[in-house]
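S.K.: These are the residues of each chain, in order.
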Amino acid sequence: AVTRPASAHPVSGLEVLGAPNASTVVLVRLIESGGLAEAAPGATFRLWRDTDDLRAGLVSGRSRLITTPIHVPANLANRGLPMRLLAIISMGHLSVVTADPSIATFADLAGKKIVGFFKNDMPDLVFRTIARKEGIDPDRDIELTYVGTPMEAAQMLVAGQAETAILNEPPATGAIMMAGQTGRALRRAISLQQAWGRHFGKPRIPMAGVALHQSLIDDSPELLAALRTGLAPAKDWVLANRTEAAQLAERTMQSRPAVFERSLDHFNIDVVSAAAIRPEIETFYRAILDLSPATLGGTLPPDEFYLDL
Amino acid sequence: MNAAARLAWGAAGLAGLAVAWEAGHRALGPLVLPAPAETAATLTTLILSGKAGPALAVTAADALGGWLAGAMLGAALGIAGGLLPPLGAALRPVTIVILGVPPIAWVVLALLWFGPAGLSAGFTVLVTVLPIVFAGAFQGILARDPALGEMARAFGAPPLLKLRALIVPQLLDHLLPALATALAFAWKVAVMAEVLGGGTGIGGEIATARAHLDLAMTLAWVMLAVALLLACDAALLSPVRRRARGVA
Amino acid sequence: MNAAARLAWGAAGLAGLAVAWEAGHRALGPLVLPAPAETAATLTTLILSGKAGPALAVTAADALGGWLAGAMLGAALGIAGGLLPPLGAALRPVTIVILGVPPIAWVVLALLWFGPAGLSAGFTVLVTVLPIVFAGAFQGILARDPALGEMARAFGAPPLLKLRALIVPQLLDHLLPALATALAFAWKVAVMAEVLGGGTGIGGEIATARAHLDLAMTLAWVMLAVALLLACDAALLSPVRRRARGVA
Amino acid sequence: MLVFDGVTLDFGDGPVFDRFDLAVAPGRLVALLGRSGCGKTTSLRLAAGLVAPASGRVENRFRRTAMVFQEPRLLPWADATDNAAFGLAALGVGREARRARAGDLLTGFGFAPADLGKRPAELSGGMQSRVAIARAFAVEPDLVLMDEPFAALDVGLRRELQDLVRDAVERRGSAVLFVTHDVTEAIRLADRILVLSARPARVVLDAEATPTADPAAIHAAAATFLALPAARGALLER
Amino acid sequence: MLVFDGVTLDFGDGPVFDRFDLAVAPGRLVALLGRSGCGKTTSLRLAAGLVAPASGRVENRFRRTAMVFQEPRLLPWADATDNAAFGLAALGVGREARRARAGDLLTGFGFAPADLGKRPAELSGGMQSRVAIARAFAVEPDLVLMDEPFAALDVGLRRELQDLVRDAVERRGSAVLFVTHDVTEAIRLADRILVLSARPARVVLDAEATPTADPAAIHAAAATFLALPAARGALLER
Ligand SMILES: Nc1ncnc2c1ncn2[C@@H]1O[C@H](COP(=O)(O)OP(=O)(O)OP(=O)(O)O)[C@@H](O)[C@H]1O
Ligand SMILES: Nc1ncnc2c1ncn2[C@@H]1O[C@H](COP(=O)(O)OP(=O)(O)OP(=O)(O)O)[C@@H](O)[C@H]1O
Ligand SMILES: [Mg+2]
Ligand SMILES: [Mg+2]
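Chains as they are written, first to last, in our numbering: chain A, 7 to 315; chain B, 33 to 280; chain C, 33 to 280; chain D, 892 to 1129; chain E, 892 to 1129.
Treat the hints with care, since some could be wrong.
Listed below are the simulated SDA-like cross-link pairs for lysine to any residue, each with C-alpha atoms no more than 20 Å apart in a straight line [to be verified]: (1) 194/C to 987/E; (2) 1009/E to 1115/D; (3) 1009/D to 961/E.
What the simulated footprint calls covered on chain A by chain B, stretch by stretch (three residues with Cβ under 8 Å from a Cβ of chain B suffice, anywhere in the stretch; the number is not a length) [said to hold, decoys possible]: (4) 46 to 54; (5) 119 to 133; (6) 255 to 269; (7) 299 to 311.
Think of the hints as simulated: they come from the structure by calculation, not from any bench. Since we're looking at a predicted model, the values are computed, not measured. For glycine and all other residues, C-beta sits at the position ideal for the given N, C-alpha and C.
So here's chain A without its partners, still in its complex pose (with noise of 0.2 Å):
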């Protein structure tokens, strides 16, 4: 990529979007605690509900900063939109929680009914992606179905609904917590990445990370060198600082505290350069790539859309 020369113009009036993703609190304290203070006076933080929502931010101009899912961002540079991924914040947080106890293994699940959230979306590829090389056919050895959210999949579990469902985190912790107040007991039989350990090498997934508009590296180089040098203390911060991490996150992210402090546990916070494991969110691209090329946009993102840390 091509850098201006580094302007002293601060940017102003930047509304950072954050994925509905637990780890989006890693760049949440960064701005919390002034970190980008200098280089973007003024900048405000929300969540973005869906894709809609992040693209109408994005195309408009007004959010050129966000977190997200890290195939989003891939897709929209293979749409044209200049997207740069700059780290991972989340190595995965997908789990099977069952109140089945004879489910311990991905084998396991042959034959049984499994509630599954966003079809087609991220974490059914993952699942699928897994389930497939541990030789199950999702579509034929198990009853797979969906429900539009994993708060629904949750509240089935609870409620006696379902057996077992595919959770993210904190719903996966929240289910547990909750089911555990009235007697009934759900645990995390498996974790998925765990199980993609198995088959891609190390036992995490890439899954969401800090992407920016190349635009907002023109014009503020400072601000790239401010996430540069603020993420990494961010999360140790989080790691380091569990309840006042989860009143951060009630505070900014409307979450439970409670359930956000345990599912810390859960939901695989680190800072990685994005450039520094490119060969990992490759793999995890072409697993993708493999089930479904239009979620990517058909193709691998160009070296471009990698960064440094």
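Got chain A sorted already, so can you dock chains B, C, D and E with the ligands onto it with the hints?
M.R.: Showing chains B, C, D and E with the ligands alone in chain A's frame:
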């Protein structure tokens, strides 16, 4: 105005809409609004590839099934409520509540009763259609001409004749537009319920297209649903509209 | 039936609904359907804590603003379309399309034009309300008595008098139920748009409650929205209903 | 037998009837005269059971009653034939049979074949009246309640239909309660003429009569009738 | 001046008028007689510009035209006073003034104060007619088109209103085109009597007349009139 002129003007209106769309596309770019031509091309591919048929069948079943059930229930309750004032007064706020409760509240119930796949989209449609048709039928009954009712009583007309010869023709004046509105809602709500629900039908395909951030594909599916709605309106309601007031 | 009796019967209807809810709660348990009493208690806490007020103000602005704008536009177009048959024929399919296109198709547009918090929920409401009111106004114009129109022409009544003394009173027969239906939809759609949108208003609170898997809280917010809808219906439409046909 | 016994009725602005009595026997045509707004139409509606008296009793022991309203009251969406056949439909007569019967009646009342399929909005005022009259006579009623039935008809048609009514009374023994403003019509048709006062309606003149078709006799009788102080007071003076 | 010049009109089932001519001058009351369905109402609608002729010309050069329809055509949601004031509202008269004027007229027509606020459904047939007549005369028209306006009125009211019409013709010089079925009414009122044939309507009798209020003279003239072969053929025979 005859049927041909009406059709021509209707086509002109739709053409105007297409022009507005094209203008929007030029002004805002493909990431916000893909070109109508591109969308139409995508739709053609969809149809030719055979993907459209099954999705369409599922959505049509959801929309029309829910519409039919909701319309029959709504019309029956509306007529009964119109003829029996206390019943009508009791039902009116209930239907407003049913109408005003956002679908998220129903989703829980629907999931529970019908499971994630099955009938929950149809149920959501029913719940939307029922109050609309109720209101139309209710108003149709209330607005009928008392002078004609007296005439029928003076001739000792049995209830069935009154219904057929007096009530229904006057009712249709209010019921038909309600049915048309409800039909349009039925398609929209069926699609939305599928988008938010188990991922079947046109709505499921839209959800997938959205997950792919593929706007042209999303709009192609929407276009298909709307085309079907217009076809349905023409096929189901126009004949009734033409026959309205033609009853003996 | 007088107003007091109507009110009493209406309350009876709502009580019936509450009983059905309680029965559902007993049959299904609190994890599927919280008790009405628990929900009401949650709602009371919400109101007393002062959280309800601001959310409610946002949603009311979205719902009523969108309703007002959509109703005025829809009524104007419906009346114009009813009086000018070619315009009516051109607008009818356009409004069906507007009605039948699921919001996902224009949510990007709305977000782009109006921003995530601002007016996009109101715009979604407008787009839903407009076709409903259009259909009502259109039908109201078409259904008017030609004999009275001839009388007015014979006396050389100016357009304004015709509108006031002839057209409006006949129109209200169809327009009022359309406005009532549209109002209910306005609340529902505003809440839904907020759930899917920027997280403000009652819808935003519902989204949060859902994320917390807190059903009682979700239903408490829904109840608040519905209560407001009923209050609105009583406050805005009942007076018009009473005055209908009372015009000189 | 139709009997009003001490009938009282009030629409909220003073009584229309106050202990009003009336009786109509089979084979009799009773004409009701009275100023506009005195309660003639209301008495027919009471007889047909369309309003109930506040107190007193209305008893209609006839088997089959039909009514010709002051306005035509036709179904706007049905054609002339179906409208005329409505009473037959109420009796359960099949569609073909009732349309044939109604069509015959209307043709007898001067309808051209093309007019039979017209809807009310396409019919002249007098044609609408004739459809309403055909609707009543199609059911061959024992009691016919007629509210100024011939007001919109030309002299020729009026005479024909007057003859039809007399015929029903004399040959079938039907009873008729006949409201009219036309004294000559009352004299031509009635077995008994009642003149009502202004509200509350009271019978101020109750005259037995002999129906006649002779114009000279009718005019003479009308002049005599209107010279009676009671009739004069009730019908002409303010 | 109102002029029909070679007017042709067809509703799709044969011509109602075929090159029909007619002229009404100020200060003249022209009565139209003819059998039911012959085209009398249609001629008034042509005069009022409510239908256009298929060919020929209708010219109405009067400044202010008012019409009394065959049916009352009242606004069901407005009370008697507002209905009678409708024509004044069309002229832009303020609400208070027009209601006062309409109320006076109706009171003159025999309305009790309580009746002024009634809606049409609460009025008797004759009361509705009177409201329609008041609506027309309230605007003090130069040309009044009247379609059997007094058919629903009792003898007394009819005479009063007949005098009102003659008064308008004689004192204000209004022109009146007056449709009636009642030959005596035509003779009582008209300066000229036209008898129309069955469809297509043609003038089969065109008689100058002298209005009179003397009952004996009216009855004699009516008998003479109906003895004319043209009138007899058009009005009485089939
Ligand atoms: N809108 C219409 N469509 C078809 N035919 C019509 C229409 N209006 C009137 N006609 C026909 O035109 C003829 C004349 O009708 P018109 O109302 O002028 O009669 P009229 O002389 O006023 O009769 P009446 O004394 O019964 O009131 C009738 O045969 C009628 O059926
Ligand atoms: N529904 C009603 N509400 C209030 N008043 C009514 C109602 N129906 C009739 N009236 C009043 O009752 C009286 C009698 O009315 P009715 O129609 O019986 O008169 P009528 O003798 O038939 O007169 P006309 O000769 O004018 O037809 C009138 O003063 C009328 O205003
Ligand atoms: Mg009467
Ligand atoms: Mg006529």
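S.K.: Out of the numbered hints, which ones does the structure contradict?
M.R.: 2, 4, 6
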